[in-house]
Amino acid sequence: MCFHHRLVFACGHYTWLSTIARPCPVETAFTKGQSNIGCSKMWSSGFCTLKINEKKCETCGEKEAKTARQAAEIRKRIGELRGLVEKITSASSSSSSSLGKISSSGSSRSSSSASSLRMTKEQLIEAGVVFDDEYEAQLEEFSPISSPTGSSFFSEP
Numbered sequence: 000m001c002f003h004h005r006l007v008f009a010c011g012h013y014t015w016l017s018t019i020a021r022p023c024p025v026e027t028a029f030t031k032g033q034s035n036i037g038c039s040k041m042w043s044s045g046f047c048t049l050k051i052n053e054k055k056c057e058t059c060g061e062k063e064a065k066t067a068r069q070a071a072e073i074r075k076r077i078g079e080l081r082g083l084v085e086k087i088t089s090a091s092s093s094s095s096s097s098l099g100k101i102s103s104s105g106s107s108r109s110s111s112s113a114s115s116l117r118m119t120k121e122q123l124i125e126a127g128v129v130f131d132d133e134y135e136a137q138l139e140e141f142s143p144i145s146s147p148t149g150s151s152f153f154s155e156p
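Following numbering that gives the first Met the number 0, the numbering of the sequence shown begins with 0 at its first residue and continues without gaps.
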């Protein structure tokens, strides 16, 4: 059993180096040409191991780079969604300003109901909301029903 040099990465994975630190008698006989079979057992000790704390192995480095790219894409999409929410909020506040001011407690100063503060589809389209026509067609299959509290639910026909 030969002792080989080993390289341990920061992620904990390791790789064997091509150099032999301490060859066994079988390997020594093979390198001198006295035997046709070399040693097939690879061992390592702390004296033959080099640890790198700054670098990860190739596989972990690729996974980390992929995760970083995906996180950057998600951050970008979240930023876009926040901008869209701001557009919707500003469009909603401009439509509600004509109906009456809303106080800080959330109650309306005018006699308009909360349902009149909802945005129409045209206002949402102006704000930049994209609608899925197939999803809307599925929603139209359901008819609204009223609950005892007055809110509406969708039920299947």
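These are calculated hints, taken from the structure and not from any lab test.
Keep in mind that the hints are not guaranteed to be accurate.
[What the hints assert, rightly or not] Dumping the calculated DSS-like pairs for lysine-lysine here, alpha-carbon to alpha-carbon at most 25 Å: (1) Lys65 / Lys55; (2) Lys40 / Lys50; (3) Lys50 / Lys62; (4) Lys65 / Lys75; (5) Lys54 / Lys65; (6) Lys75 / Lys62; (7) Lys75 / Lys86.
This one's a predicted model, so the numbers in the text were calculated from it and none came from an experiment.
Problem set entry | Hint numbers contradicted by this structure | none
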